[in-house]
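Dock chains B and C against the given chain A, drawing on the hints supplied.
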Amino acid sequence: MLSGVGAPTMTAMSAFPGMARHPDRLLPAEPGVRVIARRLYESVRDLPIISPHGHVDAGLLADNLPFPDPAALFVTPDHYVTRLLHASGVALDDLGVGRGPLPRDESRQVWRRLCENLPAFRGTAVRYWLESELAEVFGVDERPSAKTADAIYDQVVACLAMDTFRPRALFERFGIEVLATTDDPCDDLAAHAALAADPSFTGRVLPAFRPDRYLESARPGWAAAVARLGEVAGVDTGSYRGWVAAMERRRAYFARHGATSTDHSHDDVSTEPLTAGEAERVYRAALAGSATPAQSVALRRHMLLEMARMSCDDGLVMMLHPSVRRGHHGPTLAAFGPDTGHDIPVRAEFTDALRPLLERFGTHPNLRLVLFTLDETTFSRELAPLAGFYPSVYLGAPWWFLDAPDAVLRFRAAVTETAGFTRTAGFIDDARAFCSIPVRHDMSRRLDSGFLARLVAEHRLDEDEAHEVVSDLVTGRPRVVFGL
Amino acid sequence: MLSGVGAPTMTAMSAFPGMARHPDRLLPAEPGVRVIARRLYESVRDLPIISPHGHVDAGLLADNLPFPDPAALFVTPDHYVTRLLHASGVALDDLGVGRGPLPRDESRQVWRRLCENLPAFRGTAVRYWLESELAEVFGVDERPSAKTADAIYDQVVACLAMDTFRPRALFERFGIEVLATTDDPCDDLAAHAALAADPSFTGRVLPAFRPDRYLESARPGWAAAVARLGEVAGVDTGSYRGWVAAMERRRAYFARHGATSTDHSHDDVSTEPLTAGEAERVYRAALAGSATPAQSVALRRHMLLEMARMSCDDGLVMMLHPSVRRGHHGPTLAAFGPDTGHDIPVRAEFTDALRPLLERFGTHPNLRLVLFTLDETTFSRELAPLAGFYPSVYLGAPWWFLDAPDAVLRFRAAVTETAGFTRTAGFIDDARAFCSIPVRHDMSRRLDSGFLARLVAEHRLDEDEAHEVVSDLVTGRPRVVFGL
Amino acid sequence: MLSGVGAPTMTAMSAFPGMARHPDRLLPAEPGVRVIARRLYESVRDLPIISPHGHVDAGLLADNLPFPDPAALFVTPDHYVTRLLHASGVALDDLGVGRGPLPRDESRQVWRRLCENLPAFRGTAVRYWLESELAEVFGVDERPSAKTADAIYDQVVACLAMDTFRPRALFERFGIEVLATTDDPCDDLAAHAALAADPSFTGRVLPAFRPDRYLESARPGWAAAVARLGEVAGVDTGSYRGWVAAMERRRAYFARHGATSTDHSHDDVSTEPLTAGEAERVYRAALAGSATPAQSVALRRHMLLEMARMSCDDGLVMMLHPSVRRGHHGPTLAAFGPDTGHDIPVRAEFTDALRPLLERFGTHPNLRLVLFTLDETTFSRELAPLAGFYPSVYLGAPWWFLDAPDAVLRFRAAVTETAGFTRTAGFIDDARAFCSIPVRHDMSRRLDSGFLARLVAEHRLDEDEAHEVVSDLVTGRPRVVFGL
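Residue numbers (the numbering used here), protein chains in the order written: chain A, 332 to 815; chain B, 332 to 815; chain C, 332 to 815.
So here's chain A without its partners, still in its complex pose (with noise of 0.2 Å):
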């Protein structure tokens, strides 16, 4: 994955000696264990990356400009770091959240805030991700700390200076063969027109439909972004049948444009419908101003059903990610915005939740539903059983805070049994920091080699089958769930 042109080779592990780039890390301990699971690892360690959710801007690899500085890379934009940061009594600002482009000296200053902070991030997903992306992108064999946050900051530096540190030379290092953006309805993915339009990049980059704020009528500017998108989409959405028809174009718009699939990201997954009448009657009571906020609730569950619908007609995938609290600290959101580390995930269901859209729609051959969630309790109880029965509905990797070792076997663990390997949509990054995809697709493959090869020590399954279950899970389910 890693074995690009001028990228330090993966297997060249002693020359990382202090950072415990070891060839087996996360790997499982037991001796016999280990050995199955390092050649199952070793039989995808090199496939290409198939990233079918993320939230890199294609607008990075379309302008190909150098990253800016560590902070920038590590740091700022990334609320998984920030976030325990803030925990660790690091105010935001002291870390340039909010701010934009830091002068190079207080970008050096928060680089050391997080260097000198390091033993906060012991033990979790992010220390690892950034001691890989270190060692394996930038070829740093020292672990940060107050003492080499300097020297490391230089060599990173030193390292964005080179052509072959672009995003471009990057993706190709990487060996990403798609890449899937996220992007506004009303975006005229101008980036990946000229991205596909390039001879000289040959890299898949995709957008993703995202519509939630066009949902959720009860928030600040719900009006005036449906005005907005009635008028890219050529359609007068002053009616809810026009906002259904505008919706359809931009949907149309995005899949001529690459796009496979639509994001919706909701307090919850309801999924109720309004008659006809209702619907009108709410939809524009909305843009008066007057609907209530049940009737806000109620129209957001049934727009998503009315989406669902559109994913059978025009076959974009359909993923869920709910019941994350967003902005949790008021005071924060009010002074940094969203995305800055306070969304706080709640109870999820999906059982009775999804009944009504999976009584309508969840055997119709067009429709791929990934569900996703940050509630672990719905893994074997509602997540598994859904999958092993619905054609339709896929279980998404697991997400945001369950994306590291331990909560990813607990995944497997919890769903495997009833739902087996082919119902999940294989490894999902969701990166916005676009040097720890690599990183966390080799998590991924690390991880679930370890799993399978305690199947196949428990005698499970056959190696055989846990060296193809492997691959598949790569780049097999992707491609089939997400139409790649």
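Hints are supplied without guarantee of correctness; some may be wrong.
Where chains are identical, the list cannot tell them apart; a pair therefore holds if satisfied intra-copy or between any two copies.
Stated by the list, open to error - Using 20 Å as the maximum straight-line C-alpha spacing, the simulated EDC-like pairs for lysine to aspartate or glutamate come out as follows: (1) K478 / D795; (2) K478 / E547; (3) K478 / D793; (4) K478 / D388; (5) K478 / E799.
Calculated directly from the structure, the hints in this document are not laboratory data.
Below, chains B and C alone, put in the same frame as chain A:
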């Protein structure tokens, strides 16, 4: 357990090279723990099977006809199997679901569909059971696949034609000591009586009292059902008092035919008393079709409490299997009937729901209440604390989706530290597929041996104690808890 | 930890062959991981005990009388023990529950009942603690059973008669540096003052402020309690303002006596502000007996928020132990009182419930909020994300039913990947049984060592880092979090 006349012996594992019927299957991979686990397992491997709860039809043994064919034996009636085939894109119709006996050609076709799709079952308990049954009961030594499907089909057909593969012969070969069935309160239990009266059959086949539909007054057909109940019991069920008397009589009838338990599966386990007057009024309203949905639920909760009271009186063990949304996919339910793979669990709650019951009867010397769940969160939070105080409460074995290797180990890890082993009810196979009974019990013995071996290896239990525990789990607990 | 004067040394394990007091007990079975775990454990084994929360009576140490007898020491007052005996069919009355000091004959009888029923405790933490205490504190080298009960009883009695087994001697031998008790706001803390003033006692015994009953206005006796609170504080508690002032005064009194924390255990942790006028009105209605149940709950939620505000002002750490249904079995509660083994957990929720508190005070530099739960589902879903952002939030150690080997490892696995180690509060024994304190702390050190060893073996943490972490968990975190 399988060492009966004519059976392939379980120790001759070298005869099944392609199937990995390894003698250490399901035991922990760590060699030191495995050695202990093996010793524990060997000490219980050949103990008789006690099956206090399942769904085998007593008529199967009374009639003792040959099993029809591999599709009927392994696929069509087994919603564990058809479920995942359906998710993999095979229509239920193409599996013969809901269509009675299949012509030989079609049966072979159904069997092929399973074999071709076996990769979808990798890592599931179903696949483990299937291979184990084929290997251990039918001597099949190849992994099912498109290529081997026909040969395996023919081999199983050839077996089924032999007298040694008729139900009673298998019953004996499997080493079944007691088998409980699940029966409607109106059932005349003729098959049970015939078996009991037959001097050539020495096994015990006992009925269990499953009155669910008589408690669900909002369901279609309830009024007719309770009318029929009245007829069978010789009591007028036009009043609630009559309903109670009819239930009591039928329970006594079941007890005279050997029953030691009742089984209840409703949306929840809430038990809330009505006054005598309210109960009577709501019951009559339900009969008249004028009860509200809320009243019907209230009536069911009162009736469940009444059932607990009856258990105190007549000593029948009360099993509760709550919190599954049955028939989640309406169109499939309409076309193929219930138990066709789309029952999906929901959250369960026991602490508050059972409080009225436990405050009344929780310390009654005659009550034994066995609690099952598909919501793993209740294991450590509610079920173990309840069973750790109330002498009447026992923890049922991991059920349905949770009757699988990793889930079983999670169950033991979740409950043992609070409730120990004696508050669990021993293994319960809940099987519909007759030939899966021995492999399910064998799986349970292996898993409990592995769990105990870890405690021994971690010096949390001495090995002599572990031997006592594993033996108690296999035969001691079920005999004590179910009065067998 | 146990290497005090006259104590059987912990390393002389060969002296306890029948008890399997193995030096590697509770460490992971895999030999490679165990070697690392042993090194980590040995580095913290002898560190002093810091106990920031528990239920030992300060008078025990102030009076320094000999412990009465084995039943009083190990059985009667310990609901962890009587609970499972009760479930096993032993009446609470036959264990002396609720009856004060027992005559010697009856005490011996109670002790025998425990020994006879020890198999019911196999695999539980209670059994581990019991055997550890007997072996390490009293030098007992036989497994308790019907056969050994009398001899062990006599051996413990003989020990208890010795001055070296009086509370203060054990306190010193156990290596306790700080011990916090749990006290009513009206307590005069005379015992604490006496200990502090006694030059012959060098340990620190600190009170903690537990005001639960003054917040539960719907409970019988509340009005009298707040009246008494007013008297003790010298403030008229006839108004809500008076209640607040009284609380503030008593907190200050506690702080002057060394308290560093408060503790709160209610049905939930909801914190919802009332206006000053509403609070006053509802409070007066509650005093007048005319508040509705909903108003009482609203008042409690407002009061809890007020308590958080006070913590910001006076710096007392706020502990929350929510979501247990206390006294689940009414008849037992009536006959034997509270804390008799039938407190049963229910679902917990933190994300929404604590939001009002955290929006107000979550980033206040003076607030430290330690959250405990009996609902494991909240570990990864809510608690780790909260502690991973809010600098005020710390994760309490696994509590009560979850303070057991497998549950502790599940806790670490569930929270570490999101919140690391520094956001956890270190071990908290919550002990009522004085002699269980050292074995509980020792258990925690073993388990954390084992958890860290696995991370090292999987190359997720370097061993030098693991050494820093385990030491920080044992003494660093509790000192920092509880200001000790």
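Hints, one by one, checked against the model:
1. K478 / D795: between (48 Å within a copy, 16 Å between copies)
2. K478 / E547: For K478 and E547, the Cα distance exceeds 20 Å both inside one copy (48 Å) and across copies (53 Å).
3. K478 / D793: This pair counts as between: shortest inter-copy Cα distance 17 Å, intra-copy 49 Å.
4. K478 / D388: So K478 and D388 fail the 20 Å test inside a copy (34 Å) and across (48 Å) alike.
5. K478 / E799: So K478 and E799 pass the 20 Å test across copies only (17 Å; inside, 46 Å).
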